[in-house]
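Participant: Each chain, letter by letter, is given below.
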Amino acid sequence: MFYLKLAARNIRQSFKNFLPFLLATSTMFVMSYVLAAIAFSPELNQLQIQPKTVSMILMVGLAILAPFSIDISVYAYRFLLKKRSREFGLYDVLGLGKRQITIVALYELGMLFLFTMGIGLVFGISLAKFLFLIFVTILGGHVFNLSLTILSILEPLAVTGITFILLGIVVSWTIRHNSSLSLLHSENKGEREPKARVKLAFLGVLLLAIGYYMAVTVKSGETAVKMFAISVLLVIAGTYLFYMTFTIWYLQRQKKGRRYYRPEKFITTNAMLYRMKQNAIGLGNITILITMTIVTLVTTVMLQVGVSQATLKNMPYTTTLNALGQHSGEEMSSKDSLPSEKQFNRAVATAAQQSNVSITKGISYVDFGSQSVKVNDSSHPKITEITQSDAQNAQTVQIISRQTLIKMGNNVPNIGKNEVLIHNDNGHFNPDSITWFGHQLVVRGQTDALKNFPIAQFNSGNTSFIIVAANDQVVQQLIDSQNRMIRDGDPYQLPIRQFLINLNQTDSAKLVDAFTKLTDENMARYSVDRYSYLKETLSTLSGFLFIGFTLGLTFVLGAALIIYYKQIAEGEQDREAFRILQEVGLSKKEVSRTINSQIRLLFFTPIIIAVIHFAGSYVMVSKILTVFGVADSQLMLTVSAIVIVVIILLYYIIYKVTSRSYVKIVQRQV
Amino acid sequence: MLLEVNHVEKVFKTRFSNKTTIALRDVDFSVDNGEYIAIMGESGSGKTTLLNILATLERSTHGQVLLNGTNITNIKENDLAKFRREHLGFVFQDFNLLDTLNVRDNIYLPLVLNRETVQAMKMRLDMLAPQLNISELLNKQPFELSGGQKQRVAVARALMTKPDLVLGDEPTAALDSKNSDRLLNLFEKINDQGQTILMVTHSSVVASHAKRVLFIKDGMIYHQLYRAERSVSEFNKEINLAMSTILGGN
Ligand SMILES: Nc1ncnc2c1ncn2[C@@H]1O[C@H](COP(=O)(O)OP(=O)(O)OP(=O)(O)O)[C@@H](O)[C@H]1O
Ligand SMILES: [Mg+2]
Chain V
0 MFYLKLAARN IRQSFKNFLP FLLATSTMFV MSYVLAAIAF SPELNQLQIQ
50 PKTVSMILMV GLAILAPFSI DISVYAYRFL LKKRSREFGL YDVLGLGKRQ
100 ITIVALYELG MLFLFTMGIG LVFGISLAKF LFLIFVTILG GHVFNLSLTI
150 LSILEPLAVT GITFILLGIV VSWTIRHNSS LSLLHSENKG EREPKARVKL
200 AFLGVLLLAI GYYMAVTVKS GETAVKMFAI SVLLVIAGTY LFYMTFTIWY
250 LQRQKKGRRY YRPEKFITTN AMLYRMKQNA IGLGNITILI TMTIVTLVTT
300 VMLQVGVSQA TLKNMPYTTT LNALGQHSGE EMSSKDSLPS EKQFNRAVAT
350 AAQQSNVSIT KGISYVDFGS QSVKVNDSSH PKITEITQSD AQNAQTVQII
400 SRQTLIKMGN NVPNIGKNEV LIHNDNGHFN PDSITWFGHQ LVVRGQTDAL
450 KNFPIAQFNS GNTSFIIVAA NDQVVQQLID SQNRMIRDGD PYQLPIRQFL
500 INLNQTDSAK LVDAFTKLTD ENMARYSVDR YSYLKETLST LSGFLFIGFT
550 LGLTFVLGAA LIIYYKQIAE GEQDREAFRI LQEVGLSKKE VSRTINSQIR
600 LLFFTPIIIA VIHFAGSYVM VSKILTVFGV ADSQLMLTVS AIVIVVIILL
650 YYIIYKVTSR SYVKIVQRQV
Chain P
0 MLLEVNHVEK VFKTRFSNKT TIALRDVDFS VDNGEYIAIM GESGSGKTTL
50 LNILATLERS THGQVLLNGT NITNIKENDL AKFRREHLGF VFQDFNLLDT
100 LNVRDNIYLP LVLNRETVQA MKMRLDMLAP QLNISELLNK QPFELSGGQK
150 QRVAVARALM TKPDLVLGDE PTAALDSKNS DRLLNLFEKI NDQGQTILMV
200 THSSVVASHA KRVLFIKDGM IYHQLYRAER SVSEFNKEIN LAMSTILGGN
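Same order as they appear, the protein sequences are chains V and P. If you read the first sequence in numbering that gives the first Met the number 0, its first letter stands for residue 0, the second for the next number, and so on. If you read the second sequence in numbering that gives the first Met the number 0, its first letter stands for residue 0, the second for the next number, and so on.
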C-alpha cells in the first residue's frame, strides 16, 4: 500500500516528465485501435472491390504497427527512466532497497497502463467516429461504418499489454544492473563512438537495390501484390541497415575529409555521429512511415479520381443498350449468337417509345469483343494462337470496323479489304503486316486518338491494340477464323449488338428501365446507365478513401510522435553541449546556424529517402492500380506530385513546431 | 595594465518578483601582464558573478572592464563570442568538455571556431600536450578520463588560443587533493612562462598558490595580499589569518 501511494505520488509530482511518455503510449494505442477497428469491422466485407486485399493490407499495417508501437514506447520509457534514474539512485542511497524501488516502478507502470487505456480508448473511439462522420458529411450516402467490435479493442490491448510487460522488464533490469552511484549519474553517461561496419553498410544498400529492382521490374498485376510484399520487406530492412551503418560509415569518412575542421561541419558531424545509434532506428521509422503515407494516399486518391476518369473514358456514352442472341449452345458460331440488326433496332425503338425518349442521336453497331493472342516481336507477326491474358507475349486485341469508328465521329482514312489500321491502346505495336489466323493483312498505318470509343470491357492493364478493318464483313471473317482456333478452356468472346447514346440523367434511367422490361425471348438484353454506375462505384470506393486517409493520418501521427520525441530527447542532450560551445566562443548566430544545419539534415534525410522509396515503388503501385482498372500514367504523376508536396508541407509543419521545443530547450538565456 | 576593473556593479532582478540582489557593489582592481591572481570569498560573495563579467558571459550593471584597453562591457552581442575565443581562456569547475568530441577535437575546438589550419592546431597541441601530460589521452573520449585528466584537457583547451587571460572558476573544486595540487603546480608553471591567470576560489589552500590574493566581501574588494617570496604553506597561513580577521568582523 505504501509503495502504491509512493508510486501515485511520483506520477502526480513529476507529471511533466510522465506526460510525453503517456502521449507516446496513448497515441500508439489510438493508432492501433483505429486500424484494428477498420480491419476487424464486419462492414469491410461490404466493400464490393477486393475486400480480402483491403483486409490483408490492413493486417499488414497492424503487423508493422505493433513493433513500431513497442519500439516507440520503449524509447519514450527509457527517456523517462534516464530523467528519473537520479531519483531512483537517491532512494537507493537513502535506504529503500532495489527490490522496493522496482516494486514502486512497476506500480507506476501499472497506473500508466490504466491511463493509457483510458486516454487511448476515449480518443480512439472519438477519432474513429469523427473521421467517419467527416466522411459521411463529405461523401454522403452509405459509406463505411465503424462499429465497435471486441477484436478491435483486444488487438491494441494486447500490443499495449505486451509493451508494458516489456517496460517492466526494462525497468527491473535497469535497477538491478546499475549501482546506486551509476543511477545517480546516469544522465551524463558517455558513449563510445560507433564503429562503422562497412560490410553491413553495403549489405543495406544491396538490400535496397534488390528491393527496388524487384519493384521496378514487376510484371503483371496478379503477381505484383506478392512481389510487392517481398520487396517492401527488403526495403524496410535495407532502410534500417542503411541508417545504422551507412550513415555512420559516411559520417566517419567525413571526419577524415579535408573540410572536417570547418566549424559547422566539425560540430554537426560529431553530434550526429555521437547519437547515430539511437538516431538510426528513429530515422528509419520516420522514413518508413512517410513512405507508407505517400503510397497509401497516392493509391487511394488514384482509385478515387482514376476510377471515375477511367469510367468516363471507357464509357463515352451515358447510356448503353446491348443484346446477345439466345443460343442453344451447340456448334457456336459468332454469327449465330448475334441477334439480327432489325430485331435489335426494333427493341431499342420500342424502349424509346415506351419511355418517351428521343433516340435520333444514338448509334448502333456490332462489338466483336476482344481476345488475348500471342504476338511475337516482328515486323510481320503471325498470329495463330489464343492465350491467357497474363501469358508471355500476350496482347489483348479488339477488331473493329472503320464504319463503326466513323459512326462514333472519328476521322478514319479509306482502306481496302486486305488492309488494316492499328490503334495502340497501351503499347507500341507497329508492324508492316499481320497474319491474323491465316488472313494476310497489310498495315496501312496508325489511327489517331480514338474518340467516343467504349473500351469498358477492354483490359486496360495489359498491352493492347485495336485492329481497324475496312467493314463489318471483313471483321466478321477475321473473327470467324479466330474462333475456329479456339481450343477447350480458351476464353470465348461473343459479339454483341450495341446501342450508344448520350442522354440526361432522367432520360437515361427511363430508357434503361424500359429496355430491361421488354419481353423478347430471342435476345439476352443488357444495359448500363453511366450515372448510376458511377454513383455506385464511387460509393464503394469511398470506403477505400476512408481507409486510405485513416491509414495516412495514422502514419503521419506516428511520424510526428517520433519526431517530437527526437527533438525533446536531443534537446536535453544538447543543452549542455551548446552551453559549453557558447562559453568556448560560439556566437549566438553560429549556435542557431549549427542547430539549423543539424535539424535540416535530420529533417531532409527521411523525406528525401521516403520520396526515393516511393519512386522505387512507383511502377509497382501503378501495376497494382491496374488491377482496379486505373491506368492513367499522366494522372498518376500529377497525383503523386500533389501528395508528395502535401506530405512535405505537413512534415515541415510538424518539424517546425517540434523543433521549436528543441531550440527552446537548447538556447542559453543570457 | 592588462586588465582594469573600474567600479563594477551587478544587480540581479528576478523576473517574477521585484526583489533585487546586489551581487557586486563596487569592485575595483587591476591586473598586470604575467600576474597570477586568486580571488577569495565566501559562498554567495559574488565570485562567480565577477568572473562571468570578466568572461563576458554576463554584463555588469555599472562600471567598466578594460582588457588591453578595450572596454569589454561595450562589445556588441554578436562580437562577444569572437572576442572570447580570441582573448580569453576558461577552466571551469566541471571541466565542460563535449561528450561528442574525442579529447583531441575538444582541445582543437576553439581554434576550429577560429578557422585555423590543421597544421597550426597540431603544432600548438604538440607543444602543450607533453607539458600537461595528456599525450596518451588524445584519442580517448571524455567519459573515459578521470577528473584530473579532464581538467588538464580543459587547461589545454584554454591555452590553445594563447589567450591574454586565463580565467578559472573553482577549477579544483571537483578534484581530490592530489589532483588539485597537480593542477595548481601546473598553473604555477604556465604562469612562470608568462601566462596571466585569474581564478576564484573559496579555498585558502588553492589561493596560496597564487602570487596575489584579493578578498571579496559584500560585493567589494576588501583586502589583498601578495605572496612575494613566501612558500605556499606560509602564504596559506597568512591567508587564513586574514580571513578570520575579515570574517571575524561579522
Ligand atoms: N542569475 C542570478 N539571478 C539572481 N541572483 C543571482 C544570480 N546569480 C547569482 N545571484 C546572486 O548573486 C549573489 C552572488 O552569487 P555568486 O554565484 O556570484 O556567488 P559565489 O561567490 O560564486 O558563491 P559560491 O562560492 O557558492 O559559488 C548571490 O546572492 C546569488 O544569489
Ligand atoms: Mg560560484
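Hint data in this document are derived by calculation from the structure and do not stem from the laboratory. Worth double-checking, as some hints may not be accurate.
Pair ranges (Cβ atoms, derived) [what the hints assert, rightly or not]:
(1) SER145(P) to GLY109(V): 39 to 45 Å
(2) THR116(P) to VAL656(V): 38 to 44 Å
(3) ASN184(P) to SER596(V): 39 to 45 Å
(4) GLN223(P) to SER660(V): 45 to 51 Å
(5) LEU205(V) to ARG14(P): 44 to 50 Å
(6) GLU575(V) to THR60(P): 54 to 60 Å
(7) LEU93(V) to ASP31(P): 49 to 55 Å
(8) SER145(P) to LEU205(V): 27 to 33 Å
(9) MET126(P) to SER596(V): 31 to 37 Å
(10) GLY109(V) to MET219(P): 37 to 43 Å
Calculated lysine to any residue pairs in the SDA-like style (CA-CA distance at most 25 Å, straight line) [unchecked claim]:
(11) LYS587(V) to THR116(P)
(12) LYS264(V) to LYS121(P)
(13) LYS450(V) to ASN429(V)
(14) LYS264(V) to GLU85(P)
(15) LYS194(V) to LYS75(P)
(16) LYS373(V) to SER526(V)
(17) LYS194(V) to SER145(P)
(18) LYS139(P) to LYS450(V)
(19) LYS588(V) to LYS75(P)
(20) LYS655(V) to VAL620(V)
Stretches of chain P that chain V covers, calculated by requiring three or more beta carbons in the stretch to come under 8 Å of a beta carbon on chain V [what the hints assert, rightly or not]:
(21) 119-129
(22) 176-188
Since we're looking at a predicted model, the values are computed, not measured. Think of the CB as a built atom: it goes at the ideal place given N, C-alpha and C, for glycine as much as any other residue.
Participant: Hint check: LYS264(V) vs GLU85(P), CA-CA at most 25 Å. Holds or violated?
Facilitator: holds, 21 Å
Participant: Do the alpha carbons of LYS450(V) and ASN429(V) lie within 25 Å of each other, as the hint requires?
Facilitator: holds, 20 Å
Participant: Within 25 Å, alpha carbon to alpha carbon, are LYS588(V) and LYS75(P)?
Facilitator: This hinted pair holds, its Cα atoms lying about 13 Å apart.
Participant: Between SER145(P) and LEU205(V), does the beta-carbon spacing fit 27 to 33 Å?
Facilitator: violated, 44 Å
Participant: For the pair supplied as a hint, LYS373(V) and SER526(V), confirm whether the alpha-carbon distance does not exceed 25 Å.
Facilitator: Between LYS373(V) and SER526(V) the Cα gap is close to 32 Å, so the pair fails against 25 Å, i.e. violated.
Participant: I want to verify a distance hint. Is the separation of the beta carbons of SER145(P) and GLY109(V) within 39 to 45 Å?
Facilitator: Given about 42 Å between the Cβ atoms, the range holds.
Participant: LYS587(V) and THR116(P): Cα distance at most 25 Å?
Facilitator: This hinted pair holds, its Cα atoms lying about 23 Å apart.
Participant: Taking the CB of GLU575(V) and the CB of THR60(P), does the distance hold inside 54 to 60 Å?
Facilitator: violated, 28 Å
Participant: Does the Cβ distance between LEU205(V) and ARG14(P) fall inside 44 to 50 Å?
Facilitator: violated, 57 Å
Participant: Between MET126(P) and SER596(V), is the Cβ distance one that fits in 31 to 37 Å?
Facilitator: At roughly 33 Å between Cβ atoms, SER596(V) and MET126(P) fall inside 31 to 37 Å, so the hint holds.
Participant: Holds or violated: LYS264(V) and LYS121(P), Cα atoms, limit 25 Å.
Facilitator: holds, 19 Å
Participant: Are there three or more residues in the segment 176-188 of chain P whose C-beta lies closer than 8 Å to some C-beta of chain V?
Facilitator: violated (count 0)
Going through the hint list in order, the structure does not satisfy hints 5, 6, 8, 10, 15, 16, 18, 20, 21 and 22.
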